[in-house]
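Generate the whole structure from the sequences, applying the supplied hints.
So you can see what is in the structure, the chains are spelled out below.
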Amino acid sequence: LKEVLRDRRMALAITLIIMILSMLTGTERSLNKIRQPIADMFYTDMQGGNNYAIEHSLTKRIGHAANLITVAGKFLPDGDKNLIFLTDARKELTDAAYMYEKYAANRKLTDAAVLVCIQLESVEAARDSDFMAILANLEESDRAVSYEADIYNEKVRGYNRRLTVFPGIITKAFGMTPALELFEEVAN
Amino acid sequence: MKEVTEKSIIPVYLVGLSWLIYSLVFPLHDFRHYLIATALSAAVYFASSALIPKKTVYVTMKTGIAQVDELVSAFLAHTAELEKIAALITNEDITATITKITAAGGKMSAMAAKKPDLAGRLVPFADYYFPTLLKLLNAYTELSENLNAGGNVAASRDKIEGVLGTISAAFTNALNNMYADTALDITAEIDALNNIIVSEGLAAPVSAFGTVSENTLEESAAPASASETVTENSLRSDVP
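So the sequence lines, in the order shown, correspond to chains A and B.
One gets the working numbering by counting positions in the first sequence from 1 and adding 249 to each.
One gets the working numbering by counting positions in the second sequence from 1 and adding 3 to each.
A couple of the hints might just be wrong.
Cross-link-like lysine-lysine pairs, in silico, BS3-like; alpha carbons within 27 Å at most [said to hold, decoys possible]: (1) Lys-251/A - Lys-162/B; (2) Lys-251/A - Lys-87/B; (3) Lys-57/B - Lys-251/A; (4) Lys-357/A - Lys-404/A; (5) Lys-251/A - Lys-118/B.
Just some of the chain A residues that point at chain B, by a computed CB distance under 7 Å [claimed, not checked]: (6) Thr-264; (7) Ile-267; (8) Thr-276; (9) Ser-279; (10) Ile-333; (11) Thr-336; (12) Lys-340; (13) Phe-415.
Computed far set for chain B versus chain A, every beta-carbon distance over 10 Å [claimed, not checked]: (14) Arg-160; (15) Ile-189; (16) Ala-207.
Please keep in mind that the hints were generated in silico from the structure rather than gathered at the bench.
Heads up, the beta-carbon is just placed ideally off N, CA and C, and yes, glycines get one too.
Following this line, the structure appears as structure tokens:
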């Protein structure tokens, strides 16, 4: 073995292999170090808490939607189309696993909530209820989601841009550094 | 054998090591990081190359004749093994004899590499003398480790010590014979040269007593003694 290691060509081959492996693992380690905090931004805000994280705002919206369903259930008949639409939207947002699913479910929840509130406005008995306050909470949390999404998406785009140039493009090709998902609408 | 200065292999491995350490400690996600790592590894390579001394190795010169090359290689391998055993022996007389043998062996293989027609003289040494010598010396080192075992051990050691002188003489004589062959060739060439000089009418006049005439001595650029023979004078003249 000693003789083999002393051979110059063998030494060059071994060094080259070490260099390539070091480059790949080093780039992977380095990019993942950048990737992780950005991925975490969806769940945790920059201050380490979760008050300004998208996931936190979405959870709040799910809670507001539940309140609205309860209130609307008192005044709208069973099987009401808009109420079913709101219930479905809430469930979709709760069950969404991917970013694009969460984004789409969140949009659907906004539309459904607005439709239910418009319908409740026309119901005399519902005017004294606090559905407008719930709608206001839903709108406020939606604005928070948009604001947080802008920050998050900007960071994600910055990271994903790194994967289009050397050395990220190499590690991405080997599946070592996957791109991050944007919180936005996906064409398909 | 040819003396070759060989660079150490360690700087090459240090380059790999520097990349490994850099990749574990520093960021490596940007083109600039790669430039820094490359510069660092280059610095490691050149610094270590400068600090680690170059090694002098002896490379066997190839004659192009497979049999001769094999013979010379075998000879060198035996010589190297002999040197290893010599390092284990504490008796200075024995190590001195081994040194003589290895020196003679080295010269014999060098001569054979230069003049392949002399390689035949190496055959008995490569096939018999060297293997027997190695066997005896291995036995000698084993016996030396068991000196307390009894009188037989000391007797065997004495026998081996005695035969070493004979083997050394065989090597020296074989080397002398090889030189004698070379000397014979030189004499033949000198004779041929003289004959050509004489036939071309370029030879210096010779006195009746076989010495160079005074006139010739005066004309000659090199100072030569009057007692030198024609052959010697012819060699000293500026004939290319």
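Where does the structure disagree with the numbered hints, that is, which hint numbers, in rising order? As far as the earlier hints go, 1, 5, 10, 11 and 12 are violated by this structure, in ascending order.
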